[in-house]
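Visitor: Fit chain to chain and form the complex, with the hints in mind.
The residues making up each chain are set out below.
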Amino acid sequence: MTLEKLGTVPLYSVGDRVRVRNAAPLGHIRTPFYIRGHAGVVERVCGAFPNPEELAQQRDGLPAQPLYRVRFRQQDVWPGYRGNPADVIELEIFQHWIEP
Amino acid sequence: MGGLPAGKVKPTEHAYADWELRVDALMMLLVGVVGGGKRMTVDELRKNIESLPRADYDKMGYYDRWVISLTQTMIQRGVITTDELARKLEQVRGLSPISRRKRTRRR
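Chains P and W are the protein sequences, given in the same order.
Taking my numbering as reference, the numbering of the first sequence is continuous, increasing by one, and the terminal residue is 100.
Taking my numbering as reference, the numbering of the second sequence is continuous, increasing by one, and the terminal residue is 1107.
Bound conformation, chain W alone (with noise of 0.2 angstroms):
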């Protein structure tokens, strides 16, 4: 990332999971590259991804990182409330497992 010392990289193909491609259609939709909405810009993604702690950063994968951000970018815009994303994530969490998207990572 950005110059700094690094692995080689591996490139490889993987299948994307449910969740991820739900993601990208959701930051679409946000950004307004589809449908008529513009509601953040991909420079807040970008800003909100650089912002998070460089340990969790290291941690997750590509989506992991784009679902944070733009759930950040949406409380700062005050589209949703730090109070209404806890209620959902409350409700998810009651949710039985085998009902929850299933979880890939990615490189």
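Chain P extracted, bound-state conformation (with noise of 0.2 angstroms):
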């Protein structure tokens, strides 16, 4: 599906740093925990989907939320980390958990 189609406009494009919120909600939610609160950067929009929070619940998720893929060091996700520096992780991130 395209972002046009779907009437959701991305905040964020390719090479934006952006961070994850930290935030606790209840109920099922795809950012893990060790991620949130992190400075990441945007490797690539992948599309907008249906908000898995509200699929969850019965609920159509409705607008669909663009969702990131973000590039994260290993270092500094995980703390005394001794792999390579140059290490990275990505995780992809509903644009209502990223903040500039």
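Derived from the structure by calculation, the hints contain no laboratory data.
Be aware that one or more of the hints could be misleading.
Estimated spans, in silico, between C-beta atoms of each pair [what the hints assert, rightly or not]:
id, chain 1, residue 1, chain 2, residue 2, range
1, P, Asn84, W, Asp1083, 14 to 20 angstroms
2, W, Lys1059, P, Tyr34, 22 to 28 angstroms
3, P, Trp78, W, Gln1076, 34 to 40 angstroms
4, P, Gly80, W, Val1079, 31 to 37 angstroms
5, W, Lys1088, P, Gly47, 37 to 43 angstroms
6, P, Tyr81, W, Lys1088, 34 to 40 angstroms
7, P, Arg59, W, Thr1082, 20 to 26 angstroms
8, P, Asn84, W, Tyr1016, 48 to 54 angstroms
9, P, Gln57, W, Gly1037, 19 to 25 angstroms
10, P, Ala23, W, Tyr1016, 25 to 31 angstroms
11, P, Pro63, W, Glu1084, 45 to 51 angstroms
12, W, Thr1012, P, Gly37, 33 to 39 angstroms
In this text, a Cβ means the ideal position worked out from N, Cα and C, and glycines have one as well.
Guide: Encoded structure:
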């Protein structure tokens, strides 16, 4: 599905530095705890999809939320990370979980 | 799970028990991956798995969690009632042990 078709405009583009919201709402959340509050860079815009938090509660999840693949440095995410400093981890994060 | 401290993951292959294959097939039908129906979303499956008490979650195998969760979802959506479920379980318990499906554990 194209973003235009869904009427959903992505707020961020490839290369943007973004931060994951540090929040702990109840319910089914696709954003892992370990990445909340961390900063990364948008690697790609994946499209837009119905919000899984709403789908989990038997609602339609619309309007669709843009989904981004965000790249984080492993050493930023895991305290005391001893691997290659260039190692990265990429996660797909919905727009409503992202802050500038 | 979810970045919590854990031991090493041992990757091992295993054969699926008949009941596990049936739970998988049931899920594919309920979310509409196969067949024309769509009775639930995979997000509801996940929500109800995450709602399991931690101690139960840790004891259960992969398809144990699935079958409990999709049953909860069918009750929440009004597809089945708790009374129907209870009666069916009673009926299944009444079957001779030899006809029950063999259970295997995953991981």
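Visitor: If a hint holds in the structure, say so; if it does not, say that too.
Guide: Here is how each hint holds up against the structure:
P:Asn84 and W:Asp1083 have their C-beta atoms about 58 angstroms apart, which leaves the hinted 14 to 20 angstroms range violated. The hinted range of 22 to 28 angstroms is satisfied by W:Lys1059 and P:Tyr34, whose Cβ atoms lie roughly 24 angstroms apart. The given range of 34 to 40 angstroms is respected by P:Trp78 and W:Gln1076, whose C-beta atoms sit roughly 37 angstroms from each other. Evaluation of the 31 to 37 angstroms hint for P:Gly80 and W:Val1079 yields a failure: the beta carbon distance comes to about 48 angstroms.
About 41 angstroms separates the C-beta atoms of W:Lys1088 and P:Gly47, a value consistent with the hinted range of 37 to 43 angstroms. Checked against the hint of 34 to 40 angstroms, the pair P:Tyr81 and W:Lys1088 fails, with Cβ atoms roughly 50 angstroms apart. For P:Arg59 paired with W:Thr1082, a C-beta distance near 23 angstroms keeps the hint of 20 to 26 angstroms intact. Range check, P:Asn84 to W:Tyr1016: Cβ separation about 37 angstroms, and the 48 to 54 angstroms hint is violated.
Taken as a hint, the range 19 to 25 angstroms holds for the pair P:Gln57 and W:Gly1037, whose Cβ atoms sit roughly 20 angstroms apart. Against the hinted window of 25 to 31 angstroms, the Cβ-Cβ separation of P:Ala23 and W:Tyr1016 comes to about 38 angstroms, which falls outside the hint. Restraint check, P:Pro63 to W:Glu1084: a C-beta distance of roughly 37 angstroms breaks the suggested window 45 to 51 angstroms. Distance hint check: the CB atoms of W:Thr1012 and P:Gly37 are about 35 angstroms apart, consistent with the given range 33 to 39 angstroms.
Going through the hint list in order, the structure does not satisfy hints 1, 4, 6, 8, 10, 11.
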